[in-house]
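Based on the provided sequences and hints, a complete structural model is requested.
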Amino acid sequence: MQFALPPRKSPHELPGHHSTRLPLYRRKQLKTVAVIGISIFAFLYILSHIFSSSSDSLSASAGTAGVVIVTVLDRQSFSEGYISKIIANREDYAKRHGYTNFFASVSDYKEAVGDAPKSWALVPTMRHALATYPKAKYFFHMSPHALIMNPTTSLTSHILDQKRLESLMMKDASIVPPNGIIKTFPHLKEQNTDLVITQDSEGLRSTSFILKNREFARFFLDLWFDPLFRSYNFVKAETHALDHILQWHPTVLARMALIPQRTLNAYSKDSSGASPNGTYRDGDLIISFPACDKAGTRDCQEFHTYYEQWLKKVKGS
Amino acid sequence: MSLSRSPSPHRGGGWSSPGLTPGSGRSSPRGFSPMTRGVKNVSWTAAKAKSDELHKYPSFDTRNDGFFFRQKRRISARMSSFRGTTARHGYVDKDDYGRGVLHGAGAGSCTGMLGWFGNLLRRGKMRILFVALILWMGYLLLWSTIVQLYRQSPLGGGSKFVIILASNVEGGVMEWKGAREWAVERNSIRNKREYARKWGYKLEITNMLAKKRYSHEWRESWEKVDVIREIMRKNPQAEWFWWLDLNTWIMEYGTSLQSHIFDNIDSHVYRDINEYNPLNITHPPPHFYLDDLARAPTGDGDESSLHLLLSQDCSGFSLGSFFLRRSVWTERLLDAWWDPVMYEQMHSQWPHKEQSALEYIYQSQPWTRSGVGFLPQRRINSFPLGACGDDNDPAFHYQEADRDFVVNMASCMLGRDCWSEIYTYRAISNDLNRSPWDGVSEQIRGIRAKIFGAPDEVD
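Going line by line, the protein sequences match chains A and B. For the record, in the first sequence the residue sitting at position 184 is 184 according to the UniProt record's numbering, with numbers rising by one throughout. For the record, in the second sequence the residue sitting at position 317 is 317 according to the UniProt record's numbering, with numbers rising by one throughout.
Rather than coming from a laboratory, the hints here were simulated on the basis of the structure. Nothing here was measured: the structure is a model prediction, and the numbers come from that model. It is possible that some hints are incorrect.
[Stated by the list, open to error] Derived lysine-lysine pairs resembling DSS-like cross-links, with alpha carbons at most 30 angstroms apart:
#1 Lys234(B) / Lys177(B)
#2 Lys125(B) / Lys177(B)
#3 Lys450(B) / Lys189(A)
#4 Lys234(B) / Lys171(A)
#5 Lys353(B) / Lys236(A)
#6 Lys189(A) / Lys163(A)
#7 Lys198(B) / Lys234(B)
#8 Lys183(A) / Lys171(A)
#9 Lys183(A) / Lys234(B)
#10 Lys312(A) / Lys85(A)
#11 Lys31(A) / Lys85(A)
#12 Lys269(A) / Lys95(A)
This is the structure we're talking about:
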């Protein structure tokens, strides 16, 4: 008989084979180490992703629920009596709701405004208010020719509350009525808005608007106050500049909530230019007298009538 | 009698058995094939014919014998040397197994090579050598690919950067391109492409054809803004966007943006423009009604609030090479950058169009200042001689000794020669970045050229 081949299970036969044979316990150890290692790695990776998420998202400033009412007074052309009435009206309202008043004088911003019409002063005033009350949440610029007629209504419940504002917002509405091409965005959420404003029959009204205290406010005010806008001779100065900005700069438009005129800026009966359904009715929060701006405060009879009305209401309550 | 396997066959060997393959010279046993097993009463000639027939095929035939047989063949292939020695000596003691294997392997046979190789593998040192060889070859062939893949991935961080290269500036109807313009464009694109590939960045080449839309509104240069917006939309994964003019050259391929700037932005950037202020901009803005942040000379000092990184040359902002971060701030800047009312008043006074407009916005709108960081010019934007003066000024001009990162042939189209400048800097860059291996291969090429007398022109 021929010899068969040597036994096949010779230790030399399969080179490298023995090296993969680890004792069972060692393999188990390795497995645990691998599992732990991988999970730590995955954990760190996820963590790094969470923390490297962009810092660009606007976080609401950690302010109080405070509202600052900003009023620019032209002490040179307003009479003392007129000014004191305005101040009394606003102080009362602020006291009721815990708001803060910021009264500024046009003359303080004369240098900043330069050769442009002095109505531009409202923009640096707003910037000044932002710098003065960095913790406040809202800044309400209110026309000096306006009165708060319903002092018990708070701004929050009337306008600023999330649900309330979302129901008020005019979506897909022309910036320049009635048929302007540029319209407000149809899908807008309260948390994405920074500017709450109204329009009358001619366009946006910068006399009364609310700004949230966020990065946007600084950008918006600086852009608005750009020297080239001031020097452009817009017919209605800062009001038309605002119209212009909202029609050419989508980053601003996307943050604007347009609300019906009567919620923030109802016009008195004698004023012209109110939007449809924009004229004051009893119970509205604010009444504006745009005619007083042109006529001067001395001829502003309507104002004094309504002031008396308000006084009665306050004393009665 | 049925054998479980063949005994050592000799060439033309005397011992024969039906179905076996005498004298095959192959070292692996053949006898166990199913073909041969069932055959019992076959004559010698028939068997021989059969085996001849079989031998027409290469020694490792591809008949599918089933898993076991294939495995067995593989196993037995490893036993070649044993068979080789047995063939020689006729008998080998079991204890002598493997002795003299290396020398004994039948070198003449075709499987001898395999066997020799197998033996080689069995030797410890040789095995290490072999593995090292494989690894080395893998390194040569695959390593750069692997590294590039890694850098492209979110882990490597390369996907966070997009390079925007403006090509075809004012091309199209306005101006026909000559050979030199084409050369500039071709080379510049290749330069960026190689750099981007190396570090896993995305390269976006934009076609800045003169579009009617922009010339109609006298705002050709503002197309830049739209292009950046468009590319930001297209690359949602990216964070930083690096704008490069066509007339630039990235000198250092080995420098990543991360290590050069972004790993340590704070140490490279100055926020207070007073450090170098050719435009004499009043900084910080002096207005009393601004908040503390706007009036702080260095913004909030947090590097995450930097959204625009650019450099200043001798005459002001330089936009041949700058970085923008995707952010709300940047969207606002891009939005504010062009405004019809501003431009209508200024277009005759802004010599550098969008560059002048940016300088203007930086001056007039305080919100911009805290988001802008300035890099020393030579970090991203070295000038060649002729731009910003003809004398070598280390504030502006490329310094070979410092291995500056990027050269921008700024305004080379105004009376200078863009192509010759790019050519010069390309040569300098190639020279500086020669690896030792490049030297060796060049020498080899030189020797070959000497021997064959055929100097092969490269590019």
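Okay, the hints, checked on the actual structure:
The suggested pairing of Lys234(B) with Lys177(B) holds, with an alpha-carbon distance near 29 angstroms, which does not exceed 30 angstroms. For the suggested pair Lys125(B) and Lys177(B), the alpha carbons sit about 63 angstroms apart, so the restraint of at most 30 angstroms is broken. Between Lys450(B) and Lys189(A) the alpha-carbon distance is near 76 angstroms, which puts this suggested pair outside the 30 angstroms criterion. The hinted pair formed by Lys234(B) and Lys171(A) meets the criterion: a straight-line CA distance of about 28 angstroms does not exceed 30 angstroms.
Distance restraint check for Lys353(B) and Lys236(A): the Cα-Cα separation of roughly 29 angstroms lies within the 30 angstroms cut-off, and the hinted pair is therefore satisfied. At most 30 angstroms may separate the alpha-carbon atoms for a hinted pair to count; Lys189(A) and Lys163(A) meet this at roughly 10 angstroms. The hinted pair formed by Lys198(B) and Lys234(B) meets the criterion: a straight-line CA distance of about 21 angstroms does not exceed 30 angstroms. A distance of roughly 8 angstroms separates the Cα atoms of Lys183(A) and Lys171(A); the hinted pair therefore holds under the 30 angstroms criterion.
Taking the CA atoms of Lys183(A) and Lys234(B), the gap is near 26 angstroms; set against the 30 angstroms cutoff, the hint holds. Under the criterion of a C-alpha separation no larger than 30 angstroms, the hint pairing Lys312(A) with Lys85(A) is consistent with the structure, at around 14 angstroms. Only pairs whose Cα atoms come within 30 angstroms are accepted, and Lys31(A) paired with Lys85(A) is rejected, the gap being roughly 82 angstroms. Proximity of Lys269(A) to Lys95(A) is assessed by CA-CA distance (about 29 angstroms); at most 30 angstroms being required, the pair is judged to hold.
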